[in-house]
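Please take these sequences and the hints and turn them into a complete structure.
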Amino acid sequence: EAGVTQSPTHLIKTRGQQATLRCSPISGHTSVYWYQQALGLGLQFLLWYDEGEERNRGNFPPRFSGRQFPNYSSELNVNALELEDSALYLCASKEVSLEQYFGPGTRLTVT
Amino acid sequence: SQQGEEDPQALSIQEGENATMNCSYKTSINNLQWYRQNSGRGLVHLILIRSNEREKHSGRLRVTLDTSKKSSSLLITASRAADTASYFCATPLGTDKLIFGTGTRLQVFP
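Residue numbers (the numbering used here), protein chains in the order written: chain A, 1 to 111; chain B, 1 to 110.
Do not rely on the hints blindly, as some may be mistaken.
[Said to hold, decoys possible] Stretch by stretch, here's where chain B covers chain A in the computed footprint (C-beta under 8 Å, at least three residues):
#1 54-68
#2 92-105
[Unchecked claim] Here are the in silico distance ranges between beta carbons for each label pair:
#3 B:Ser28 x A:Gln17: 36 to 44 Å
#4 A:Gly52 x B:Leu93: 17 to 25 Å
#5 A:Arg15 x B:Thr27: 31 to 39 Å
#6 A:Leu83 x B:Asp7: 27 to 35 Å
#7 B:Lys69 x A:Leu83: 38 to 46 Å
[Claimed, not checked] Not the full set, but computed from the structure, chain A residues with beta-carbon under 10 Å of chain B:
#8 Gln6
#9 Phe45
#10 Trp48
#11 Asp50
#12 Leu83
#13 Leu88
Source of the hints: derived by calculation from the structure; they are not laboratory data.
Here a beta-carbon is modelled for each residue, glycine too, at the ideal position from N, C-alpha and C.
Written out as structure tokens, the structure reads:
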């Protein structure tokens with residue numbers, strides 16, 4: 001069974017630009033979660049999508065948005081990038097079980 | 001902050017030794033999970049312990065949970081160099097998001 005995949009692996013952007021990160025969940029998983037792991041801030045919950053709908057979001061500005069497609073894959077968009085958006089962005093998927101299964105992450109660097 | 005605390009922040013041991021890391025959390029839970037992260041990459045789910053369980057084993061891993069103290073511990077026995085990683089505890093908040101601890105960086109020397 002294929003795990004959660006994320007693309008790209010690395011992304012380098014300039015301040016003010018937009019970044020798009022992609023996630024494909026494990027087959028059969030309908031929930032997708034996004035987390036940010038920034039240096040010194042730990043792992044922070046960003047967004048939760050389930051059945052195509054945004055179900056919850058963490059304490060992040062509206063510049064962070066996303067969507068979930070009919071095939072349950074998901075996209076995270078970060079607009080008007082700031083230097084402090086540099087982080088590892090992790091996607092996880094979940095079915096009815098309690099565990100979340102994580103992808104390898106996308107490392108976003110904003111210069 | 002809702003984030004849990006882990007102790008120690010970093011731990012260095014020799015291969016074959018046991019490694020123990022502790023996690024404290026802030027809210028009532030129905031389960032607690034432990035994850036491993038290698039070199040700043042994705043998280044690997046290790047073990048889940050439910051709130052009505054006090055101890056759980058999986059291979060060389062032993063997890064305990066004390067809900068009265070809002071704390072959990074992860075013991076890795078007979079550690080190997082390949083166990084070198086960061087370890088995080090996580091508790092679900094509601095039915096969706098996970099709240100992660102601050103993590104313990106484990107270094108196992110051959």
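Results of checking the hints against the structure:
A count of 3 residues in the stretch 54-68 of chain A with a Cβ less than 8 Å from any Cβ of chain B is obtained; the coverage claim is therefore met, three being the minimum. Given a C-beta distance limit of less than 8 Å, the hint that chain B covers the stretch 92-105 of chain A holds, as 9 residues qualify and 3 suffice. In this structure, serine 28 of chain B and glutamine 17 of chain A meet the distance hint of 36 to 44 Å, their C-beta atoms being roughly 42 Å apart. In this structure, glycine 52 of chain A and leucine 93 of chain B meet the distance hint of 17 to 25 Å, their C-beta atoms being roughly 22 Å apart.
Between arginine 15 of chain A and threonine 27 of chain B the CB atoms are about 36 Å apart, so this pair conforms to the stated range of 31 to 39 Å. Between leucine 83 of chain A and aspartate 7 of chain B the beta carbon distance is about 31 Å. The supplied range of 27 to 35 Å therefore holds. Distance hint check: the CB atoms of lysine 69 of chain B and leucine 83 of chain A are about 40 Å apart, consistent with the given range 38 to 46 Å. Here the hint on glutamine 6 of chain A is kept, as its CB sits about 8 Å from the closest CB of chain B, short of 10 Å.
The criterion of a C-beta within 10 Å of any C-beta in chain B is met by phenylalanine 45 of chain A, whose closest approach is roughly 4 Å, and the hint holds. Against a cut-off of 10 Å between C-beta atoms, the interface hint on tryptophan 48 of chain A holds, since the closest Cβ of chain B lies about 5 Å away. Nearest Cβ of chain B to the Cβ of aspartate 50 of chain A: about 8 Å, under the 10 Å cut. The hint holds. A cut of 10 Å between beta carbons decides the hint on leucine 83 of chain A: the least distance to chain B is about 19 Å, and the hint is violated.
Contact between leucine 88 of chain A and chain B, as hinted, is supported at the beta carbon level, the nearest pair being about 6 Å apart and thus within 10 Å.
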